[in-house]
Amino acid sequence: MQTTTLFNKGHRWLIFGRDPSKPERIIDTNQYMIISQNQSILLDPGGVELFAPMLAAVLKHVPIENITHLFASHQDPDIISSLGLWDQVLPNAKLYCPWLWEGFVRHFGMNNIEFMPIRDTGDVVHIGNIDLHLIPAHYLHSSGNFHVYDPVAKILFSGDVGASLEPAGAPFEVGDFSEHIDKMQLFHQRWMPSNNAKQDWIRRVRKLDIEIMAPQHGRIFTGENVDKFLDWFEALEVGIAVQ
Amino acid sequence: MDTHAQQTVAAAQIASELHQAQQVAKQLAISSKNARAIVLRAGSKAAGLAVIANFYDELANKTIFLAQAINLTALNISNHSVIEWRNSNALENLEKAFLLSEPDSHRDGITHFIDKLELHKRDLDHHFNRLMNELYNKLDEIQQHMRAIDVIAVTSKLEAVQTGDFRGHLVEMAEGIQMMANKIKEHVSHSISLLDQAR
Ligand SMILES: [Fe+2]
Ligand SMILES: [Fe+2]
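Just so you know, the protein sequences line up as chains A and B, in that order. For the first sequence, position 132 matches number 132 in the numbering used here, and the numbering has no gaps at all. For the second sequence, position 11 matches number 1011 in the numbering used here, and the numbering has no gaps at all.
Worth flagging that the hints you see were computed from the coordinates, not collected in a lab. Check each hint, because a few of them may be wrong.
[Claimed, not checked] The calculated lysine-lysine pairs, modelled on DSSO-like cross-linking and capped at a C-alpha distance of 30 angstroms, are: (1) B:1096 - A:60; (2) B:1096 - A:94; (3) B:1033 - B:1183; (4) A:60 - B:1033.
[Stated by the list, open to error] Here are some chain B residues pointing at chain A (derived, C-beta under 7 angstroms): (5) 1096; (6) 1113; (7) 1168.
A virtual CB, placed ideally from N, CA and C, is assigned to each residue, including glycine.
Sequences are here, hints too, so could you generate the full structure?
Listed below in structure tokens is the structure:
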């Protein structure tokens, strides 16, 4: 599992991904960890196939008892099907997840971890000495869905928004935006169901001060590529499976 | 297939075998009541048979009860196997994580939970063996009942000779009962062999 530090001033943001041991036909995912003092949160900890390499990777940075929180942006298996295994090793952790998915996500196995339902309007989570804002992103693509914004690091974790499908070993960061469009277009048009939801999200996200937009698949957007993405997404017609 | 998967499947199959055995035992109970009615009509000539008919009834009812209990045990085993399955899956993943982890990382966190899960595994194994023995014993008990029913059927066919007009009826009934007992025996033997394979 490759690890890159996205931010390291007082608290830390790490991105894990591009795991060389990942079975071939499983979609590549990015997992994130935010560490502040003796607490940390894993954002979209990933699928069951990724549990072992993820656990080995995070323990390079923190002892296991310091993994205090999990966040699942939505219910998909690539997001949180590892829950049943984390549940065995993080018996005191809290899982923040859209309230809508509680009865579904529990199917992955959850006997110890505490479920913290996120209400539709969003919430704020305290980790160590930082505040993380849970930003509603419903219907993008999941009907109960949140992103995570850190106003100090100016990072927006954007879940499946901004995702790109690329071969293994792709770089972590988007270089030329126009060259990147091909890798995202179909994903956004086909997985995202609602133009209304998309516009609502763009309005909200434009008000945030963002230096890095970090999706759950593919490369991260930095600097002016963030605005370029928002402009591109704003103009994009989604929900194309229904004519 | 993984042993736990095999045990889960075997236990579910046994539950279904026993469900069928239970249906037959219910028929057996009805037949034993009929046998008693005929014996009553045969009057003093069939005094010896009255005792036998009561035996049938008792054994059939015990079998229904046992089949129910076995069903419950099989269900318990099925659930238990799923827990063991999950536990061993977690253990496997932690062992994988340990191999991937670096010596200077916080990997004592992994070994701590490996120890914990291994302890849990021993508990689960112990409990599992208890459930399996319970199941074997109950299956064995049913087999004994069926053997007893068979012996009684043979005896009642002999006794039936003295009942004159009722003889044909009684022999037919005894044979029917024997057939049902054999069916139950088959379900139970099949269950035992499923159990042996999954062990
Ligand atoms: Fe998704
Ligand atoms: Fe995804």
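Query raised in the report: CA of residue 1096 of chain B to CA of residue 60 of chain A, is that 30 angstroms or under?
Result: Measuring from Cα to Cα gives roughly 15 angstroms; hence the hint holds.
**Report entry** Hint status (Cβ of residue 1168 of chain B to nearest Cβ of chain A, threshold 7 angstroms)
**Finding:** violated (61 angstroms)
Query - Interface hint status, residue 1096 of chain B versus chain A (Cβ within 7 angstroms) - result: Result: holds, 4 angstroms to nearest chain A Cβ.
Report task. Compare the distance between the alpha carbons of residue 60 of chain A and residue 1033 of chain B with 30 angstroms, and conclude whether the hinted pair is satisfied. Result -> Distance of about 74 angstroms is beyond 30 angstroms: violated.
Report task. Report holds or violated for the interface hint on residue 1113 of chain B, using the least CB-CB distance to chain A and a cut-off of 7 angstroms. Result -> holds (5 angstroms)
Query raised in the report: Quick one, are residue 1096 of chain B and residue 94 of chain A close enough, alpha carbons at most 30 angstroms?
Result: Measuring from Cα to Cα gives roughly 25 angstroms; hence the hint holds.
Query raised in the report: Can the restraint linking residue 1033 of chain B and residue 1183 of chain B be considered satisfied, given a maximum Cα separation of 30 angstroms?
Result: holds (19 angstroms)
Hint check: violations occur at hints 4, 7; the rest are consistent with the structure.
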